Amino acid sequence: MLGGGIIAHICALRLQEQGCAVTLVAEPDTAPPSWGNAGHIATEQVQVLARFATATRVLSDHFPRGPVALDWGSAPTWLPWSFRFLRACLPGSVRRGDAALRGLMLNALPAWEKLTKTLDRPDLLDLRGVVKLWESADADQKATGALQADHGPATTTPMDAAQIAAFNQALATPVKAGVHFAGTAHITNPRDVLDTLLARFVSAGGTHLATRAVKISPETDTVRVNTTQGDLTADRVVVACGVRSGALLPDVAVPLVAERGYHVEWNHGGQWALPNAVFEDRAVVVTRFGSRLRATSFVEFTRDASAPDRRKWERLEAHVRALGLPVASPFARWHGSRPTLPDYLPALGTFRHAPRIVAAYGHNHLGLTLGPVTADVLSAHILRGAPLPTAFSPDRFSLRSGSSK
Numbered sequence: 001m002l003g004g005g006i007i008a009h010i011c012a013l014r015l016q017e018q019g020c021a022v023t024l025v026a027e028p029d030t031a032p033p034s035w036g037n038a039g040h041i042a043t044e045q046v047q048v049l050a051r052f053a054t055a056t057r058v059l060s061d062h063f064p065r066g067p068v069a070l071d072w073g074s075a076p077t078w079l080p081w082s083f084r085f086l087r088a089c090l091p092g093s094v095r096r097g098d099a100a101l102r103g104l105m106l107n108a109l110p111a112w113e114k115l116t117k118t119l120d121r122p123d124l125l126d127l128r129g130v131v132k133l134w135e136s137a138d139a140d141q142k143a144t145g146a147l148q149a150d151h152g153p154a155t156t157t158p159m160d161a162a163q164i165a166a167f168n169q170a171l172a173t174p175v176k177a178g179v180h181f182a183g184t185a186h187i188t189n190p191r192d193v194l195d196t197l198l199a200r201f202v203s204a205g206g207t208h209l210a211t212r213a214v215k216i217s218p219e220t221d222t223v224r225v226n227t228t229q230g231d232l233t234a235d236r237v238v239v240a241c242g243v244r245s246g247a248l249l250p251d252v253a254v255p256l257v258a259e260r261g262y263h264v265e266w267n268h269g270g271q272w273a274l275p276n277a278v279f280e281d282r283a284v285v286v287t288r289f290g291s292r293l294r295a296t297s298f299v300e301f302t303r304d305a306s307a308p309d310r311r312k313w314e315r316l317e318a319h320v321r322a323l324g325l326p327v328a329s330p331f332a333r334w335h336g337s338r339p340t341l342p343d344y345l346p347a348l349g350t351f352r353h354a355p356r357i358v359a360a361y362g363h364n365h366l367g368l369t370l371g372p373v374t375a376d377v378l379s380a381h382i383l384r385g386a387p388l389p390t391a392f393s394p395d396r397f398s399l400r401s402g403s404s405k
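Counting with the UniProt record's numbering, you get residues 1 to 405 for the letters of the sequence shown.
By construction, these hints were calculated from the structure, which means they are not laboratory data.
A quick note: this is a predicted structure, and the numbers were derived from the prediction, not measured.
Please note that the accuracy of each hint is not assured.
Now the in silico label distances, taken between C-beta atoms and shown as ranges [what the hints assert, rightly or not]:
#1 GLN271 with GLY385: 51 to 57 Å
#2 ARG102 with PHE331: 36 to 42 Å
#3 ASP192 with ALA165: 49 to 55 Å
#4 ASP61 with ALA137: 14 to 20 Å
#5 ARG65 with ALA166: 48 to 54 Å
#6 ALA322 with GLY92: 23 to 29 Å
#7 ALA170 with ARG65: 25 to 31 Å
Cβ atoms here follow ideal geometry from the backbone N, Cα and C, with glycine treated the same way.
Kindly produce the complete structure, drawing on both the sequences and the hints.
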């Protein structure tokens, strides 16, 4: 199992507990994307983002007006990706993508509940849902649209006057309307989730190698993995390395883009106990993790190795001040890259040209949400040959030009 994020950790544990001898190859990472996100289990997001309406938002919501940013220094990376994205916006592709994503999302929260109970840590999952809030003059219209939209297994109810008032008593900028999304959840401590998964994996007999995979090579009956600390061989290799996955698969087209997000986090001084909230007009998610608050935002198309844009943190801190959120410490800043394929679906399953190599990457902003259900379907696929929707096929972007493997 190659990778240090939530997908690799959960899949490694699931396979180990089902009788496989699993080695998890993962460099220590104090702040992977699965740690730095908003912690939201986003079961309401049952429609793929690869649709023409999303493309128009790149223009209307471009930074600094909105949360979408294009790193022009990385255009050779995201421009070819964008052409594939536009092809994925065609109606047939959207229908297939929506159906495949919905199939996973219907089981996403039950899979999380099962996992936290298996870990004997139900406290890691908060099932109280999330609220989405609007401040603008057309707030009621936007809330009505949210109430009428398809949210899959999540259910929506309008916030009443008392609930709105509770926020407005705590905020410097009043909100005018809000919707509560039940059937969603959030993780109470993302770092604790990863640490608990790793400890349970090792206690179940799994092996953790704190090293980085640099190359994988299919052989007759095995797969060779070259790491920074030597070579390994395995019957099968699962690639769950996020944005680095393509570098390990030289014969396959892996059009991943680094979709960078940013957060700022601080101590709220015991002055915040309201529900986790999405301030929709600002595209900012505010999550409470114990004594800390975290504000998360931005979709920046770039390369993983490119330098972060400090203006994004400054904008987040400005939102925090404008909202009047309680701040009792300096801000801690983070950025991380979500691994995103052009059709906004993950790559899951075995490769035609290399059936001993299994894909588990490209979950974009839904990696945390889909971690446990991905482990469910992938372990069934590996151990019992259970089919996966063709929309998730890792071969859907074809072999790279010139490859005959």
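Hints, verified against the model:
no. : hint                           : result
1   : GLN271 with GLY385: 51 to 57 Å : holds, 54 Å
2   : ARG102 with PHE331: 36 to 42 Å : holds, 37 Å
3   : ASP192 with ALA165: 49 to 55 Å : violated, 33 Å
4   : ASP61 with ALA137: 14 to 20 Å  : holds, 18 Å
5   : ARG65 with ALA166: 48 to 54 Å  : violated, 30 Å
6   : ALA322 with GLY92: 23 to 29 Å  : violated, 43 Å
7   : ALA170 with ARG65: 25 to 31 Å  : holds, 27 Å
Against the hints set out earlier in the document, violations occur for numbers 3, 5, 6.
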